[in-house]
Structure formats: structure tokens, C-alpha cells
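Letter by letter, the chains look like this.
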Amino acid sequence: MNDHMSPAKLGFGILWPAFWTALPFKLVLVVLFLAFGVVQFENRIVYAFLMLLASPVTVFALPTITLGLGSHIGEGIGIALLFLLAVPIDVWALGVVGRTFFLERLRREPPGGLGLTLWWKCALVGAIFVPILWATESAVTDGGILAVHSIFESDSLKGIPIAERISTELSLWGTLSTVVLLVLLVIGFSLVGRVIRGTVESAGHAPENYQGLVTRWDLMRVPADQGLMLAALSGVAVVLSVLFWSSLPVFTPHPHDCCRKPEVQAAPSFKPLETLNKDEKMIAHLAAQVELLVEQRAKIELEKQRSKKKGKEAGEGVLEAPEATEPAQPAAMNP
Amino acid sequence: MSDTPSAGTQPTVAEKVFDFVDERVGLKLLTAKMLNEAVPGGSRWAYVFGSILLFIFAMQAVTGVLLMFYYVPTADHAYASTQYILHDVDYGWFLLSYHFWGSSAMVVCVFAHMSQVFLWGAYKKPRELIWVVGLALFALVMAFGFTGYLLPWDQRAYWATTVGVEIIDKVPVLGDFLARFLKGGATPGQMTLSRFFVIHVMVLPAALIGLAGLHLFLFRCAGPAGPFRGTPTELKAKTDYFFPRQIWKDIVGMAVVFSCIGVLAFWEPVVLLDEATPDPGDYHPEPEWYFLFIFQHLRLKMFSGQFGQFLGSIAFPGALGVMLLLLPFFDRNPERNIFKRPLALIGWVVLTASILLFTVSAIINRSYLD
Chain A
0 MNDHMSPAKL GFGILWPAFW TALPFKLVLV VLFLAFGVVQ FENRIVYAFL
50 MLLASPVTVF ALPTITLGLG SHIGEGIGIA LLFLLAVPID VWALGVVGRT
100 FFLERLRREP PGGLGLTLWW KCALVGAIFV PILWATESAV TDGGILAVHS
150 IFESDSLKGI PIAERISTEL SLWGTLSTVV LLVLLVIGFS LVGRVIRGTV
200 ESAGHAPENY QGLVTRWDLM RVPADQGLML AALSGVAVVL SVLFWSSLPV
250 FTPHPHDCCR KPEVQAAPSF KPLETLNKDE KMIAHLAAQV ELLVEQRAKI
300 ELEKQRSKKK GKEAGEGVLE APEATEPAQP AAMNP
Chain B
0 MSDTPSAGTQ PTVAEKVFDF VDERVGLKLL TAKMLNEAVP GGSRWAYVFG
50 SILLFIFAMQ AVTGVLLMFY YVPTADHAYA STQYILHDVD YGWFLLSYHF
100 WGSSAMVVCV FAHMSQVFLW GAYKKPRELI WVVGLALFAL VMAFGFTGYL
150 LPWDQRAYWA TTVGVEIIDK VPVLGDFLAR FLKGGATPGQ MTLSRFFVIH
200 VMVLPAALIG LAGLHLFLFR CAGPAGPFRG TPTELKAKTD YFFPRQIWKD
250 IVGMAVVFSC IGVLAFWEPV VLLDEATPDP GDYHPEPEWY FLFIFQHLRL
300 KMFSGQFGQF LGSIAFPGAL GVMLLLLPFF DRNPERNIFK RPLALIGWVV
350 LTASILLFTV SAIINRSYLD
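Which chain is which? The protein sequence lines are A and B, in order. Start counting the first sequence at 0; every next residue gets the next number (numbering that gives the first Met the number 0). Start counting the second sequence at 0; every next residue gets the next number (numbering that gives the first Met the number 0).
To be clear, the hints were calculated from the coordinates, so they are not data collected in a lab. Accuracy of the hints is not assured; some may be wrong.
Claimed, not checked - Straight-line distance between alpha carbons at most 25 angstroms, and here's what the computed PhoX-like set of lysine-lysine pairs gives: (1) A:K298 - A:K309; (2) B:K32 - B:K248; (3) A:K157 - B:K15; (4) A:K8 - B:K300; (5) B:K124 - A:K8; (6) B:K124 - B:K235.
Unchecked claim - Simulated restraints on C-beta separations: (7) B:F110 - A:S240: 45 to 51 angstroms; (8) B:Y69 - A:E262: 43 to 49 angstroms; (9) A:I131 - B:F216: 52 to 58 angstroms.
All C-beta atoms, glycine included, are put in the ideal place defined by N, C-alpha and C.
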């Protein structure tokens with residue numbers, strides 16, 4: 000049995016394979032949620048993505064970072080949903096990995112409920128340590144960039160060509176940032192290792208020889224009914240494929256300026272009976288107006304004839320008075 | 000499928016078909032040879048990259064054929080037909096984006112596969128030929144990326160190709176001929192597009208299929224190298240067949256890669272720049288991201304001038320290629336544990352860090368150009 004394993008090795012030995020075991024399931028969920036349009040990542044996409052996928056230690060840490068440090072990573076109900084669904088996936092993955100690790104590397108009997116125990120311990124350490132890691136790493140990186148910039152702004156170094164300057168600056172602050180990140184990661188793995196060491200020490204020794212242990216953890220992963228497992232997996236794959244293709248946008252969500260589709264406005268629905276009634280009313284209204292016009296014109300003509308008669312009677316040389324008013328055109332006749 | 004029907008029961012149609020084919024081509028023997036290969040030390044996630052590369056190539060072929068249904072390889076219509084695929088063909092944007100990110104995934108996985116072989120010491124005797132053919136496959140993958148990049152015929156494509164062909168032009172003896180052959184004229188135009196298209200969809204796939212077959216054949220002849228650590232008892236206890244555990248890991252690896260490419264296609268779908276013209280305008284020419292590190296180190300003062308450019312673009316990368324090619328013939332030490340080969344470990348770390356450093360530098364350099 001490997002009783003002298005360091006806490007960092009113990010933490011890494013559990014978390015690293017658990018991350019990869021859970022990754023495929025979470026990735027499928029991410030793809031589906033993106034196709035549904037319920038996840039929109041905004042800033043720090045890579046960090047956000049990695050933190051979502053490494054959820055045994057970030058499940059409580061990411062909300063803390065988002066709220067406490069103002070690192071807004073994105074929007075959409077999909078992020079919360081992903082975290083929620085990641086919990087059972089992580090519990091399962093930590094269980095599978097933990098049992099294998101206990102048998103193969105530690106040669107101890109894995110206790111019952113190992114997945115859940117490992118999950119809450121990892122989540123607890125993550126909730127405290129990951130925000131500290133995030134803040135420290137951000138501060139060191141920002142400080143490093145500023146310091147290196149200020150060094151290269153000095154008069155003696157201003158003549159350095161741009162390409163050389165960029166590479167040197169990046170090497171300097173990148174090395175500092177990477178070293179700090181690695182040290183913090185080792186501390187983090189070590190903390191996880193220390194927290195789960197109690198579970199390891201309370202586990203009894205496995206009685207089999209090495210060959211027996213390997214056979215046991217190997218068979219532990221093989222389902223009892225392989226046909227059923229294959230059928231279930233195929234069924235899930237078909238359902239996921241149908242869901243994906245049915246929710247995938249048909250046209251690009253990022254159109255080029257040259258090819259933007261004009262906004263098409265839906266034509267109002269045509270109701271024949273209502274339109275007929277409306278037209279009939281309009282025709283009746285117009286007919287009444289025409290009748291009124293004809294009457295007005297007849298009156299005017301009559302007036303004219305009367306005034307002509309009066310003019311003739313009054314004698315020659317009297318100018319004819321201009322028409323006082325023209326009848327107004329009805330509104331309905333306007334184009 | 001059961002091999003023989005149990006006594007007293009009639010064979011099913013599937014069993015009859017299987018037996019019919021087996022009688023003629025020896026299907027049972029073939030299946031047994033394919034699947035029952037011993038994997039020393041058992042299945043591992045580190046071994047999935049070869050299968051993943053085959054999967055990505057298959058997906059690139061499928062999406063490429065679908066894109067060819069709409070793509071028109073002429074200077075007049077290449078851009079318009081690509082825009083048509085992006086904006087009017089049902090799911091065309093996703094297919095094109097998947098194809099685009101698939102090529103990047105292929106480069107990343109080739110690097111991961113080569114790194115795994117190098118770090119595991121799996122290029123050593125008797126696997127020298129597998130390594131050499133693998134290097135040729137790596138060159139083909141890069142050529143796929145280079146030739147495919149021109150096809151959308153936008154400013155990015157046009158100028159990346161111009162930069163790439165200028166680098167090829169610096170190769171001694173053959174450079175001028177190769178550059179003229181690829182361009183087919185003074186500036187990139189219809190002849191360039193036709194030649195890149197034919198190389199991309201016919202020459203390279205045929206070469207890749209042939210070399211990948213040879214790579215697999217050589218691999219099966221030599222057998223897997225297995226892990227570089229562990230006692231003989233541990234290795235023997237864990238030794239397993241290729242089927243089902245390694246195949247299962249390969250399938251999961253393929254699903255992960257498919258999902259990653261799908262996610263990238265959503266996050267950063269292909270958006271074309273303006274149509275290609277011989278005037279770059281505001282656009283600052285640069286190659287695809289996996290050639291950026293070469294492009295950036297050519298900006299260094301020490302690589303300025305004719306000779307400097309030759310050193311940076313041809314001599315150093317060429318020397319690295321020759322070193323990798325000859326590596327298994329010089330490194331005759333049977334030790335495979337990477338932690339007992341410090342020179343190899345340091346070499347790999349320095350090379351990887353340099354590629355990362357210059358790639359990120361090139362990205363930062365963009366802000367200085369604007």
C-alpha cells in the first residue's frame with residue numbers, strides 16, 4: 000500500500016481523472032444549451048468554460064467569484080442549470096475515480112458513499128480556496144504586467160523594437176504568473192489531499208493481491224447487462240442528436256454586413272367578409288358625397304345663371320364678379 | 000453477434016449474411032485481428048489521440064463534401080458562394096464553422112499525439128518508421144490548413160496565402176518554382192484558387208489516406224509501446240485487449256472533441272471579411288493561428304533582411320524538422336521514461352513554451368498595428 004503518498008499527489012490523483020471522467024457529459028450539456036440559446040458567455044470565456052467544467056471545486060466558488068469580485072462571465076439560465084446538473088455527474092465521477100484510486104493506488108477498501116463524501120469535501124475546499132486563488136492570480140498578473148510595462152517605459156529601454164519588447168514583456172510577466180499559478184494549484188491539491196486523507200485512513204486494507212485488485216476495479220466499470228447499457232446509450236445519443244438538430248439555428252446568428260436579411264413584416268391577415276362590409280360602407284359614404292357635390296354644383300350653376308340675368312339687366316360695362324368659393328374636395332377623393 | 004448459431008435453432012438473417020461474407024473474406028479472422036490486439040499496461044486516455052485524429056479527418060471529409068455541393072472554386076464566385084453557404088444554406092453556417100474549427104482541432108490533436116509519442120519514447124526502436132510516416136502526416140495536416148484557408152476568398156484568406164507563398168519562395172533551389180507553381184501568376188488569382196482547391200480536395204486527402212493506412216499498418220506490425228513506467232508484474236496484470244476498453248475510451252475522446260468543435264462553432268462562427276482584393280486597405284495580413292509563431296518570430300530584429308528572413312522562415316524550422324526526422328536514428332538509448340531523459344523533456348518544454356510565447360505575442364502585436 001502507498002501510505003506515504005503526499006497530500007498534493009492524493010488530491011491531484013483524485014481530481015484530475017474525475018475532471019476528465021465528468022467532462023464528456025458536461026460538454027454534451029454545454030453544446031445542447033448553446034444550441035437552445037440558454038447560455039451566453041460574455042467575458043473571460045476560457046476561464047468561465049474551464050471553471051464550469053471543473054465543477055467539483057468550483058460549484059460554490061464560481062458564484063462567489065462572480066458576486067464578490069465582479070467578474071461577470073455570462074448570462075442565461077443555462078449556466079445555473081449546468082451547475083445543477085453537474086452535481087450528480089461529479090458525484091458519480093468522483094465515486095468511480097475514487098473507488099479505482101483506493102483499490103489500485105492505495106490498495107484500500109473503498110468505503111460506501113465515497114463519491115458524495117469526496118464531492119462535498121472538494122466543494123468545501125474549492126469554495127474557500129478558489130476565490131483566493133482567483134484574486135491572488137489576478138493581482139499578481141495585473142501587477143506583473145504593470146511592473147514590466149513601467150520597466151520598458153524607462154528611457155534606457157524605449158529603443159527596443161516592438162516585437163522584441165512584446166515577447167520579453169510576455170516572458171517576464173507570463174513566467175511570474177505561471178509560477179504563482181502552479182504554486183497555488185499545488186497548495187490547492189494539497190488542501191484537497193489533506194481533507195480527504197481522513198477518509199483514506201479510515202478505510203480498511205484490501206485483501207487481494209495486485210492482480211486481484213486490478214481485476215476488481217476493472218470489472219467494477221463493466222455494466223452487468225452490457226446489451227441494456229449499449230441500447231440505453233444509443234437511445235440517449237439519438238435523443239440528444241434530435242434535440243441538437245431541432246434546436247440548432249438554421250441561419251447564422253452572426254450575419255455579415257453584405258448579407259443581412261431584410262426584416263420581413265408579416266402581412267395583415269385577410270378577412271373577406273369584414274373587408275367586403277368595410278368596402279360597402281366606404282362606397283355608400285363616397286356615393287353620398289358625390290350626390291352632395293352634384294347638388295352643390297347644380298346650386299352654383301343656378302346662382303350663376305341668376306347673376307348673369309341680373310347683370311344683363313343692370314347694363315353693359317359691369318364686370319362679372321369672380322366665383323367666391325370652390326366646393327372643397329372631399330377627403331375620400333384625395334389620393 | 001454470435002459467431003455460430005446454437006444447435007437446434009435456425010440462424011437469423013444477420014447471422015446468414017455474416018457467414019456469407021465471412022466465407023468469402025475471412026471476416027471473423029479480420030475482426031479478431033483488429034480488435035484482439037494486446038495493449039501492454041492496459042487501455043489509457045493518453046492513447047486516444049490517434050483514433051481522434053482519424054475521427055476528425057472523417058468529419059472534415061463529410062463536412063467538406065457537403066460544403067462542396069455549394070462552393071464554387073472560381074475567383075468570381077468563391078466569396079459569394081461562401082457567403083451563400085453562411086447565410087442561405089440551411090445549417091450552412093454550422094457546417095462551415097465546424098469544418099473551420101475542425102482543422103484547428105486537427106492541428107492541436109496532431110501536436111498532442113506527437114507530444115505523447117515523444118514523451119513516452121514510443122518513437123524508439125522498433126518504431127522508427129511509424130514516427131517518420133507520422134511526421135509526413137503532420138506536414139500533410141499543415142498543408143491542409145494552408146490550402147483550405149484560401150478557399151473562402153476574403154481578405155484574410157488572400158493575404159494569409161500571400162504571406163505563406165512568400166515564405167515558401169525563400170526555400171533554396173525549389174522555393175521559386177514552388178511559389179510560382181502555387182500562385183500560377185504574379186499575384187494570387189483564379190489559377191491560385193484552382194490549384195489550392197485541387198490540392199485541398201484531391202491531392203492531400205489521397206496522400207493522407209495512403210499515409211494514414213501505412214502508419215496504421217506499421218503500428219500494428221510493431222505493436223503498442225505501452226507505458227514507460229511500471230514493473231513487469233504491474234504491466235502484465237493490467238494488459239488488456241484493444242476491444243472493448245480502449246475502443247470505449249476512443250469513443251468518449253471522439254465525443255469530447257466533437258463537442259469542443261461544436262462549442263467553438265457556436266462561440267466563434269465563421270464570419271468573412273470583405274472580398275479579396277490585391278489592396279489590403281486597413282487589413283493587416285497574417286497567417287492562420289497555427290503559423291502565427293513563425294510569423295511573429297520573423298518580426299524580430301535578428302531575422303530582418305534577406306538572410307535573416309531565410310534563417311527565420313526556412314533554416315530554423317527546416318533544421319527542427321530534420322532533427323525530428325532523424326531523432327529515432329540518433330537516440331538509441333532504450334530508456335523510455337521521460338523523467339530519466341532530461342534533455343528530451345527540456346527540449347519539449349522549451350519548444351512548446353516558445354510556440355505559445357510567439358503565438359500570444361503575435362496576438363498582442365495586433366493592438367500595436369492598429
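Now the hints, each set against the structure:
The straight-line distance between the Cα atoms of K298 (chain A) and K309 (chain A) is roughly 17 angstroms, inside the 25 angstroms bound, and the hint therefore holds. Annotation: proposed proximity of K32 (chain B) to K248 (chain B) holds, straight-line Cα distance about 19 angstroms (limit 25 angstroms). Note on K157 (chain A) and K15 (chain B): the hinted pairing is violated, with a Cα-Cα distance of about 81 angstroms set against a maximum of 25 angstroms. A threshold of 25 angstroms between alpha carbons decides the hint, and for K8 (chain A) with K300 (chain B) the separation of about 45 angstroms lies outside it, so the pair is violated.
The straight-line distance between the Cα atoms of K124 (chain B) and K8 (chain A) is roughly 33 angstroms, outside the 25 angstroms bound, and the hint therefore fails. Only pairs whose Cα atoms come within 25 angstroms are accepted, and K124 (chain B) paired with K235 (chain B) is accepted, the gap being roughly 21 angstroms. The hinted range of 45 to 51 angstroms is not satisfied by F110 (chain B) and S240 (chain A), whose Cβ atoms lie roughly 30 angstroms apart. Taking the beta carbon of each, Y69 (chain B) and E262 (chain A) are about 25 angstroms apart, not inside 43 to 49 angstroms as hinted.
Against the hinted window of 52 to 58 angstroms, the Cβ-Cβ separation of I131 (chain A) and F216 (chain B) comes to about 53 angstroms, which satisfies the hint.
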